[in-house]
Amino acid sequence: MLLSDFDYQLPEELIAQEPLPDRAGSRMLVVDRTTGQWEDRMFRDFPTYLSSGDCLVLNDSRVLPSRLYGRREHGTGRVEILLTKAISSDGLTWEALVHPGRKMRTGEHVQISDELTAEILGRGEFGERTIRLHPVGNLLAVLNRVGHVPLPPYIRRPDTPSDRERYQTVFARQPGSAAAPTAGLHFTPEILDACRASGAAIANITLHVGLGTFQPLRSESLENIHLHKEALVVPRETVQAMNRAKRVVAVGTTVVRAIESDPSAPETDLFISPGYRFRRTGAMLTNFHLPKSSLLVLVCAFARRELTLEAYRHAVARKYRFYSYGDCMLII
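According to this note's numbering, the stretch in the sequence shown is residues 1 to 332, in order.
Simulated from the structure, these hints should not be mistaken for laboratory data.
Heads up, the beta-carbon is just placed ideally off N, CA and C, and yes, glycines get one too.
Accuracy of the hints is not assured; some may be wrong.
What the hints assert, rightly or not - Once the Cα atoms are required to be at most 20 Å apart in a straight line, the calculated DMTMM-like pairs of lysine to aspartate or glutamate come out as: (1) Lys292 with Asp7; (2) Lys229 with Glu260; (3) Lys229 with Glu267; (4) Lys246 with Glu260; (5) Lys229 with Asp60.
To be verified - FRET-style restraints, in silico, Cβ to Cβ: (6) Asp90 with Glu223: 36 to 42 Å; (7) Arg218 with Asp90: 28 to 34 Å; (8) Thr48 with Arg218: 37 to 43 Å; (9) Gln174 with His228: 15 to 21 Å; (10) Glu267 with Arg164: 24 to 30 Å; (11) Lys319 with Ser89: 45 to 51 Å; (12) Asp22 with Glu223: 42 to 48 Å; (13) Arg304 with Glu223: 17 to 23 Å; (14) Arg41 with Glu115: 44 to 50 Å.
Build out the structure end to end from the sequences listed, making use of the hints.
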């Protein structure tokens, strides 16, 4: 199959620019893979689709304020750095996207603030760089003071203080993501309590969202697509909970990739496309994804390409809100 087989038309006005006032107030398109039917519901109905024997799996990765703005050490040019993945044991060496990348030479320094500088260590393709951070004190504390929420480029506004809370799931615990696992953004403590009351078990994985999730695909042939590796932790107790379950319900494509990967591996670059045999995933909650993205290809692998794209066309016609701050789809 070709990447162009996973395209659809989306009016720009349907791209959500702000979160709803109520986290749990989103619409939810429920798609039944067996019957090929769908129905328009609200996310608050989600717990009614769970029952005893289900295991609901969440990604507890926490989004870092990983977008940094600074200036070149020996110039006035503005530089933007997006931290995508920590690659050293001390947490100070990172893979990053740097703009403007072409002008940044190896060995050059970027002054972020009085508390933080970044040194360019190496160059990669498509603006990717290896950088070394030099904080004054604890890096996470410094990032929380000087970093910005890494809103995706289709949200055409600067980040605001409210994004620090809303572009974060209520169950986020492990810092490390450069983008939110957005299917989890709809949950509130009350919804999670209702999920438990339905009889479902709740388990966590950690997949730190990076280039493997949001980097644009650059090959038209699916066979030639290789994703960047992303840090992964699937705890033993989560594996045990899934083994006990009658059905595993994955919250988001990151959870699907995590539970379909080797649970003992520290990273995953798993690319799921039509023809893949799902070993764990029995149902999936997911937001609406960009055309020709690895995430849409994964959803099509789970729900069939034709059914998925028909459901997307329905969502467009019914003016669902799309992407990170948008509505969601439950595939059963």
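* Asked: Can the restraint linking Lys246 and Glu260 be considered satisfied, given a maximum Cα separation of 20 Å?
  -> Status holds; Cα separation ~16 Å.
* If you draw a straight line from the CA of Lys229 to the CA of Glu260, is it 20 Å or shorter? -> holds (14 Å)
* If you check the beta carbons of Lys319 and Ser89, does the distance land in 45 to 51 Å? -> Since Lys319 and Ser89 have Cβ atoms about 48 Å apart, the given range 45 to 51 Å holds.
* Asked: Okay, Glu267 versus Arg164 on CB: inside 24 to 30 Å?
  -> For Arg164 against Glu267, whose Cβ atoms are near 27 Å apart, the range 24 to 30 Å holds.
* Do the alpha carbons of Lys229 and Glu267 lie within 20 Å of each other, as the hint requires? -> Given pair Lys229, Glu267 holds - Cα atoms ~6 Å apart, limit 20 Å.
* In this structure, is the beta-carbon distance linking Arg304 and Glu223 contained in 17 to 23 Å? -> Holds - the Cβ-Cβ distance for Arg304 and Glu223, about 20 Å, lies within 17 to 23 Å.
* Asked: If you check the beta carbons of Arg218 and Asp90, does the distance land in 28 to 34 Å?
  -> holds (32 Å)
* Asked: Using the C-beta atoms of Thr48 and Arg218, is the stated range 37 to 43 Å upheld?
  -> Hint holds: Cβ distance 41 Å, inside 37 to 43 Å.
* Asked: Would you say the C-beta atoms of Arg41 and Glu115 sit inside 44 to 50 Å of each other?
  -> holds (47 Å)
* Does the Cβ pair Asp22, Glu223 satisfy 42 to 48 Å? -> 43 Å Cβ-Cβ, so the 42 to 48 Å window holds.
* 15 to 21 Å as the expected CB spacing between His228 and Gln174, which holds or is violated -> The hint (15 to 21 Å, Cβ to Cβ) holds, given that Gln174 and His228 are roughly 19 Å apart.
* Holds or violated: are the alpha carbons of Lys229 and Asp60 at most 20 Å from each other? -> Holds. Lys229 to Asp60 sits at ~18 Å (cutoff 20 Å).
Comparing the model with each numbered hint stated earlier shows that all of them hold.
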